[in-house]
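**Q** Whole structure, please, built from the sequences with the hints as guidance.
As given, the protein sequences belong to chains A and B, one line each in that order.
Going by our numbering, the first residue of the first sequence is number 1, and it counts up by one from there.
Going by our numbering, the first residue of the second sequence is number 1, and it counts up by one from there.
Quick caveat, the hints were computed from the structure, so don't treat them as lab data.
Computed from a predicted structure; not experimentally measured.
Even glycine gets a Cβ: it sits at the ideal position worked out from N, Cα and C.
Each hint can be trusted.
For each label pair, taking beta carbons as the anchor points, the in silico distance ranges come out as:
id, chain 1, residue 1, chain 2, residue 2, range
1, A, E173, B, E323, 24 to 34 Å
2, A, R112, B, E392, 16 to 26 Å
3, A, R250, B, A177, 37 to 47 Å
4, A, R112, B, E323, 39 to 49 Å
Below, in silico cross-link-like pairs of lysine-lysine (DSSO-like), each with a Cα-Cα straight-line distance of 27 Å or less:
id, chain 1, residue 1, chain 2, residue 2
5, B, K108, A, K394
6, A, K128, A, K10
7, A, K108, B, K414
8, A, K108, B, K394
There are 2 protein chains.
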Amino acid sequence: MSNDYVAMWKELGLNLEAHDALLSVLGNGYKDIYMSQKNRPEGMGYFDFVMSEVHGLRIKELMDERAQGRKIIGSYCVFVPEEIVLAANATLVGLCSGADFAIEEVEKYLPRNTCALIKSSFGFKLGKVCPYLESADMVVGENTCDGKKKGYESLGNLIDNLYVMDLPQMKSEQGRALLRGEYERFRSAVEKLTGVAITAESLSKAIKIVNAKRSAIHRMSELRKAVPAPISGLDALLANQVFFYDNPARFTESVNKICDELETRIKEKRGVVPENRPRVLISGCPMAVPNWKLPWIIETSGAVIVGEESCVGERGTRNLTDESAQSVDKMMDAITDRYFQVDCAIFTPNQARLSHIDEMAREYKADGVIHYGLQFCQPYIMESIPVERALEEKNIPALRIETDYGMEDAGQLKTRVEAFIEQLR
Amino acid sequence: MSNDYVAMWKELGLNLEAHDALLSVLGNGYKDIYMSQKNRPEGMGYFDFVMSEVHGLRIKELMDERAQGRKIIGSYCVFVPEEIVLAANATLVGLCSGADFAIEEVEKYLPRNTCALIKSSFGFKLGKVCPYLESADMVVGENTCDGKKKGYESLGNLIDNLYVMDLPQMKSEQGRALLRGEYERFRSAVEKLTGVAITAESLSKAIKIVNAKRSAIHRMSELRKAVPAPISGLDALLANQVFFYDNPARFTESVNKICDELETRIKEKRGVVPENRPRVLISGCPMAVPNWKLPWIIETSGAVIVGEESCVGERGTRNLTDESAQSVDKMMDAITDRYFQVDCAIFTPNQARLSHIDEMAREYKADGVIHYGLQFCQPYIMESIPVERALEEKNIPALRIETDYGMEDAGQLKTRVEAFIEQLR
Numbered sequence: 001m002s003n004d005y006v007a008m009w010k011e012l013g014l015n016l017e018a019h020d021a022l023l024s025v026l027g028n029g030y031k032d033i034y035m036s037q038k039n040r041p042e043g044m045g046y047f048d049f050v051m052s053e054v055h056g057l058r059i060k061e062l063m064d065e066r067a068q069g070r071k072i073i074g075s076y077c078v079f080v081p082e083e084i085v086l087a088a089n090a091t092l093v094g095l096c097s098g099a100d101f102a103i104e105e106v107e108k109y110l111p112r113n114t115c116a117l118i119k120s121s122f123g124f125k126l127g128k129v130c131p132y133l134e135s136a137d138m139v140v141g142e143n144t145c146d147g148k149k150k151g152y153e154s155l156g157n158l159i160d161n162l163y164v165m166d167l168p169q170m171k172s173e174q175g176r177a178l179l180r181g182e183y184e185r186f187r188s189a190v191e192k193l194t195g196v197a198i199t200a201e202s203l204s205k206a207i208k209i210v211n212a213k214r215s216a217i218h219r220m221s222e223l224r225k226a227v228p229a230p231i232s233g234l235d236a237l238l239a240n241q242v243f244f245y246d247n248p249a250r251f252t253e254s255v256n257k258i259c260d261e262l263e264t265r266i267k268e269k270r271g272v273v274p275e276n277r278p279r280v281l282i283s284g285c286p287m288a289v290p291n292w293k294l295p296w297i298i299e300t301s302g303a304v305i306v307g308e309e310s311c312v313g314e315r316g317t318r319n320l321t322d323e324s325a326q327s328v329d330k331m332m333d334a335i336t337d338r339y340f341q342v343d344c345a346i347f348t349p350n351q352a353r354l355s356h357i358d359e360m361a362r363e364y365k366a367d368g369v370i371h372y373g374l375q376f377c378q379p380y381i382m383e384s385i386p387v388e389r390a391l392e393e394k395n396i397p398a399l400r401i402e403t404d405y406g407m408e409d410a411g412q413l414k415t416r417v418e419a420f421i422e423q424l425r
Numbered sequence: 001m002s003n004d005y006v007a008m009w010k011e012l013g014l015n016l017e018a019h020d021a022l023l024s025v026l027g028n029g030y031k032d033i034y035m036s037q038k039n040r041p042e043g044m045g046y047f048d049f050v051m052s053e054v055h056g057l058r059i060k061e062l063m064d065e066r067a068q069g070r071k072i073i074g075s076y077c078v079f080v081p082e083e084i085v086l087a088a089n090a091t092l093v094g095l096c097s098g099a100d101f102a103i104e105e106v107e108k109y110l111p112r113n114t115c116a117l118i119k120s121s122f123g124f125k126l127g128k129v130c131p132y133l134e135s136a137d138m139v140v141g142e143n144t145c146d147g148k149k150k151g152y153e154s155l156g157n158l159i160d161n162l163y164v165m166d167l168p169q170m171k172s173e174q175g176r177a178l179l180r181g182e183y184e185r186f187r188s189a190v191e192k193l194t195g196v197a198i199t200a201e202s203l204s205k206a207i208k209i210v211n212a213k214r215s216a217i218h219r220m221s222e223l224r225k226a227v228p229a230p231i232s233g234l235d236a237l238l239a240n241q242v243f244f245y246d247n248p249a250r251f252t253e254s255v256n257k258i259c260d261e262l263e264t265r266i267k268e269k270r271g272v273v274p275e276n277r278p279r280v281l282i283s284g285c286p287m288a289v290p291n292w293k294l295p296w297i298i299e300t301s302g303a304v305i306v307g308e309e310s311c312v313g314e315r316g317t318r319n320l321t322d323e324s325a326q327s328v329d330k331m332m333d334a335i336t337d338r339y340f341q342v343d344c345a346i347f348t349p350n351q352a353r354l355s356h357i358d359e360m361a362r363e364y365k366a367d368g369v370i371h372y373g374l375q376f377c378q379p380y381i382m383e384s385i386p387v388e389r390a391l392e393e394k395n396i397p398a399l400r401i402e403t404d405y406g407m408e409d410a411g412q413l414k415t416r417v418e419a420f421i422e423q424l425r
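**A** Here it is in structure tokens:
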């Protein structure tokens, strides 16, 4: 990245030395994992550029937006409605939580037995290496799992602009009312932050922008159903990851451009890998940049990933917000209805997720499902048992993986994954 | 226990062989831990009897109640309002979750990294050794922590009468509305189960019965503030444990009888241990029968426990339900207000708990606080870090313990506890 950014990072209060080290690891990891892939769609060049500038140009853009009075809102979860943020002329960005950092410092605030994703969000703060977090005017936490819920109490002592959103635990009428109320409260908070009153016009426009982003991903997902698979799981995951960072319109355009290319590939029956390569569906915990460990192991072990049942994937993007409402109030209803469908494991019961995994396995023609659980993520680790049982009942091979961000278990994971893939041939 | 009970246990579908083994372990544990104590109040003889008949006479009573058409409701949590149950002419009992059982079978349903309390509730079901569970007409689960919330989804497949109560995560207006709504839903469910309509008269009476039970415990707690301590922590814990099992009126009477005795002791300046014995407050996870491991280690290491900041202790019993309401509706409000004050770690933020620990440490003249966290209990383990920090700021020595129901770490725990107590002298 250009040296021009150093002043910006300094201004954001980053620890330059630690940040350099992080960028170097990130860059090398990307080169090893992404750039070594064969037959990538040319359009992925855009994402390669995005990743090479993830702490550079994108941050510069956010800083330029801020200079023009636009506010930046950071989030750690798909339950934070981008529609509301955009409608108030603000920008929503996902915050860093995909790599271990400053572990020793983190464990002064969090128990060792906390999932890597939560530890990572603290590590990026304590290590002062997340320019997204440092440039955010508001950081939104949310009461999803116990780990995050209690973690935000401590994070709130480390940053001065944390806003905590409550979430329901059941998809009951009362649960919906709670979510509706919380989105209303969030709207007020965002309006207060930006000084911009959300109107029917601005909210309607925002709904369309976010839907377009999701629709582009839907189009890509649809194309991944083809045999042979036209794009690697790693590349598709990257698109799903950048979904949380990039300018929405540009993201939509870039994904659609890749889809044009994939359509040509499909017409010409050209796959990213040979047709006989076992197809795997990943299900479970979200994978934030640069957490590419498991997909990388899977795709270098002879399989291709055809779908992600994940927050960073189809769980997060599958539903659109209804666009027909005319008033802010009705639009807020539509937004609530949309997010209330997300079948996160924090909900009980969560039968819809089991159905979705089964449906995805069939539609994406997966030969097997690998359940990805972050160690100590109770909701997903606990659900992995009934998920595995339900898949077995349908004779869909399943493998449960429990891991963290460390590379210590990579060899052991590879052995297990290879054995699983062998069984799918 | 008498052989007369065998037929009853058989009728309840218990695994007699496994149940015998359990009772033998329980009996020996009780003898070693409880009966070896010196200077016990005579009134504890009642609790010795209760414990010797915990799966016998008490179950016989419940079966007799059932024979007369009364319903038995089982619960795992202090958020289930006994007032509502009693008002519908039903009986509430706490369900077994204090010992490891059928671990191998349990781990087919729950991840290994699940807290011992939740595993235990499954173990008692899968091992068929909990006569309370088997005699319950309704079992109430509740959305407290992730572990329990997701665990009940699987437990619901093992028992056919599980009722799940939703709970809020924040003490907001919406959170209170959710709790109020859930208590209303619970009232309807209990009325449906019992066929008894709850009236202002029956509910008012029930509120008074439960308050009397709590007041008896308050009286005992108040007496534990004396120096020297008139009763051991183990004995006081037992009273708090039996609180969940016994007939309420008889329990109240028995605790008050012990209190009369303690008052005499205090007047005569007779302690259960010498005055110079360090005084310890326990704070954290609940301890269900027969989970006496940590208190036993503490009190055989030269300290006396003077209070329990726990669900099985002051967190669970400290607040009374206001008795002044006249209508069922207003009483339901009062019940909601009462339970909404419980400062369980599932709430965020939960600053009230920190204040309560500090207040208890001062009022009970504790020389130090031992935080008891069940391994993998995220809410309490996560709160233990700010708890320790807050205590350190007030110069109150604190020790964080993380353990399970196994005895493998008893030696190591004893070494740590002894070192901590040494530091309090």
